[in-house]
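**Student:** The residues making up each chain are set out below.
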Amino acid sequence: MAFLAGAVFAVGFICLLFIIRLYYIVKNGSNCKPGSKGPVAVLVVAGSGGHTTEILRLMESLSAAYTPRHYVIADTDRMSEEKICSFESSKQNSDSESQFSICRIPRSREVHQSWSSSVISTLQALRFSLPLVFRLRPDVVLCNGPGTCVPLCVAALLLGILGMKKVLIVYVESICRVQTLSLTGKILYPISDYFFVQWSSLRDKYPKSIFLGRIV
Amino acid sequence: MKTVFVTVGTTSFDELIESITSPETVQALKARGYERLVLQVGRGSLLPSADSCPHITLEAYRFKDSIAEDIKYADLVISHAGAGSCLESLGAGKSLLVVINNKLMNNHQLEMARQLHMDSHLLYCSCSTLTETLRMMNLSVLQPFLPGQPKNFANFLDKALGVQ
Chain A
1 MAFLAGAVFA VGFICLLFII RLYYIVKNGS NCKPGSKGPV AVLVVAGSGG HTTEILRLME
61 SLSAAYTPRH YVIADTDRMS EEKICSFESS KQNSDSESQF SICRIPRSRE VHQSWSSSVI
121 STLQALRFSL PLVFRLRPDV VLCNGPGTCV PLCVAALLLG ILGMKKVLIV YVESICRVQT
181 LSLTGKILYP ISDYFFVQWS SLRDKYPKSI FLGRIV
Chain B
1 MKTVFVTVGT TSFDELIESI TSPETVQALK ARGYERLVLQ VGRGSLLPSA DSCPHITLEA
61 YRFKDSIAED IKYADLVISH AGAGSCLESL GAGKSLLVVI NNKLMNNHQL EMARQLHMDS
121 HLLYCSCSTL TETLRMMNLS VLQPFLPGQP KNFANFLDKA LGVQ
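Taken in sequence, the protein lines are chains A and B.
Just so we're aligned, residue 1 is where the first sequence starts under this note's numbering, counting upward by one.
Just so we're aligned, residue 1 is where the second sequence starts under this note's numbering, counting upward by one.
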């Protein structure tokens, strides 16, 4: 009986620590300056179709300081890999040391998939995301909306909570989103370090967001 | 030959392919002077054969590495509301008619099509109003679409992350 009470207390205490750490991590994102120490390692989440196009337009603008670049795509995505490879080869300079890699994880959710099975497949994707993020230890996770980014961002957050490394979460909501955030956007808005929207109507609704006009 | 290019990106949109190849719609296209119809059908189950539409030259395929050429030679682009397809067509300076897919979850694509339509960058309709739109459309009201500025994003991020 006392043992049970003790166990409940211990679990409750750990949860409290967890929440305090989470709050601290999210609060202090802006103090983290990975660029001041050298190259910035980026984990780039590439969704299907338009998501990949948008994220590659953003990647195009980033300087050579952002390296290595680890692209993560869903296992059922065939087209993104080709787009990424041709983008990276066009960026390759003779004296550049830029490196990139492509990793695959199970898709969190297919288009038209029901809500209940989406939760299960997202948890499944988390099983792959955790070891991947723990191994790569990026400075920044860059994502723009596909469900694939949720487990990866959760893994990145966990790295910070456990005190292993602070990983910045940079989210750019798709240009498609004018009046409402995507489901992924709504989930990641409270925990992102930098949350970009591309239309002023969203900036008005989500005060923590950053609005620089259309950026893709 | 005046050409219409239809694209559904990486999705499937059988309703659009069916509508655009229906006799009334082909008739509407011909009445506007279009003589060639190129269909990019993506993952859809309908892949019309070249001879399935009398009165108009028809080509259909699923995917290409790049649809830039097809966009370049089109006089009108008819597209689903996906960001990539729209941005590519608008970026090439083409007249764009966006067709909304009512079967998608929450149909958020409507937001962007509506906004870009309000800003006079494209026309939009649904499959059921496609023929009517093609008959009545006035492309001269469309305004040029300026590209987005990813450099603003890069500059902001460099500053925020302390990149030298």
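Please note that a few of the clues may not be correct.
[Stated by the list, open to error] Calculated from the model, a selection of chain B residues having no Cβ within reach of chain A, i.e. all distances over 12 angstroms:
1. Asp70
2. Met137
3. Leu142
[Unchecked claim] Okay, derived cross-link-like pairs now, DSS-like style, lysine-lysine, Cα gap no bigger than 27 angstroms in a straight line:
4. A:Lys186 - B:Lys159
5. A:Lys27 - B:Lys159
6. A:Lys83 - B:Lys64
7. B:Lys94 - A:Lys205
8. B:Lys159 - A:Lys165
9. B:Lys94 - B:Lys2
10. A:Lys37 - B:Lys159
11. B:Lys159 - A:Lys91
12. B:Lys159 - A:Lys208
13. A:Lys27 - A:Lys37
14. B:Lys103 - A:Lys186
15. A:Lys33 - B:Lys159
16. B:Lys151 - A:Lys186
17. B:Lys72 - A:Lys208
18. A:Lys83 - B:Lys94
19. A:Lys33 - A:Lys83
20. A:Lys91 - B:Lys72
21. B:Lys64 - A:Lys91
22. B:Lys151 - A:Lys83
23. B:Lys159 - A:Lys166
24. B:Lys151 - A:Lys166
25. A:Lys37 - B:Lys64
26. B:Lys72 - A:Lys83
27. A:Lys166 - A:Lys27
28. A:Lys205 - B:Lys151
Hints in this document: simulated from the structure, not taken from any laboratory.
Ideal placement from N, C-alpha and C gives every residue a C-beta, glycine not left out.
**Student:** For every hint, state whether the structure bears it out.
**Tutor:** Evaluated hints:
With a minimum CB-CB distance of about 16 angstroms to chain A, Asp70 of chain B clears the 12 angstroms threshold, and the non-interface call stands. Listed as outside the interface, Met137 of chain B is consistent with that label: its C-beta sits roughly 23 angstroms from the nearest C-beta of chain A, beyond the 12 angstroms cut-off. Distance check on Leu142 of chain B: its Cβ is at least 18 angstroms (rounded) from any Cβ of chain A, clearing the 12 angstroms threshold; non-interface status holds. Restraint check for Lys186 of chain A and Lys159 of chain B: satisfied, since their Cα atoms lie roughly 26 angstroms apart, inside the 27 angstroms limit.
At roughly 19 angstroms between alpha-carbon atoms, Lys27 of chain A and Lys159 of chain B fall within 27 angstroms of each other, so this suggested pair holds. For the suggested pair Lys83 of chain A and Lys64 of chain B, the alpha carbons sit about 12 angstroms apart, so the restraint of at most 27 angstroms is met. Among the hinted pairs, Lys94 of chain B with Lys205 of chain A is inconsistent with the structure: their alpha-carbon atoms are about 33 angstroms apart, more than 27 angstroms. Between the alpha carbons of Lys159 of chain B and Lys165 of chain A the distance comes to roughly 21 angstroms, so the proposed pair stays at or under 27 angstroms and holds.
Using a Cα cut-off of 27 angstroms, the hinted pair Lys94 of chain B and Lys2 of chain B holds, with the two alpha carbons roughly 13 angstroms apart. At most 27 angstroms may separate the alpha-carbon atoms for a hinted pair to count; Lys37 of chain A and Lys159 of chain B meet this at roughly 14 angstroms. Proximity of Lys159 of chain B to Lys91 of chain A is assessed by CA-CA distance (about 22 angstroms); at most 27 angstroms being required, the pair is judged to hold. Between Lys159 of chain B and Lys208 of chain A, the direct Cα distance comes to roughly 18 angstroms. Compliance with the 27 angstroms bound is thereby established for this hinted pair.
Annotation: proposed proximity of Lys27 of chain A to Lys37 of chain A holds, straight-line Cα distance about 21 angstroms (limit 27 angstroms). Of the pairs offered as hints, the one joining Lys103 of chain B and Lys186 of chain A holds, with about 22 angstroms between alpha carbons and a cut-off of 27 angstroms not exceeded. Note on Lys33 of chain A and Lys159 of chain B: the hinted pairing holds, with a Cα-Cα distance of about 9 angstroms set against a maximum of 27 angstroms. With a CA separation close to 26 angstroms, the supplied pair Lys151 of chain B and Lys186 of chain A stays within the 27 angstroms bound.
Straight-line distance between C-alpha atoms of Lys72 of chain B and Lys208 of chain A comes to about 40 angstroms, which puts the hinted pair past the 27 angstroms bound. With a C-alpha separation of about 23 angstroms, the suggested pairing of Lys83 of chain A with Lys94 of chain B holds against the 27 angstroms cut-off. Our distance criterion of 27 angstroms between C-alpha atoms is broken by Lys33 of chain A and Lys83 of chain A, whose separation comes to about 30 angstroms. Distance check on the hinted pair: Lys91 of chain A and Lys72 of chain B sit about 24 angstroms apart at the alpha-carbon level, within 27 angstroms; holds.
With a C-alpha separation of about 22 angstroms, the suggested pair Lys64 of chain B and Lys91 of chain A falls inside the 27 angstroms cut-off, and the hint holds. At roughly 21 angstroms between alpha-carbon atoms, Lys151 of chain B and Lys83 of chain A fall within 27 angstroms of each other, so this suggested pair holds. For the hint linking Lys159 of chain B to Lys166 of chain A, the alpha-carbon distance of about 18 angstroms falls within 27 angstroms, and the restraint holds. In summary, the hint linking Lys151 of chain B to Lys166 of chain A is supported, as the alpha carbons are separated by about 26 angstroms, within the 27 angstroms threshold.
Distance check on the hinted pair: Lys37 of chain A and Lys64 of chain B sit about 42 angstroms apart at the alpha-carbon level, beyond 27 angstroms; violated. Restraint check for Lys72 of chain B and Lys83 of chain A: satisfied, since their Cα atoms lie roughly 20 angstroms apart, inside the 27 angstroms limit. For the given pair, Lys166 of chain A sits about 12 angstroms from Lys27 of chain A by alpha-carbon distance, which is consistent with the 27 angstroms threshold. Straight-line distance between C-alpha atoms of Lys205 of chain A and Lys151 of chain B comes to about 25 angstroms, which keeps the hinted pair within the 27 angstroms bound.
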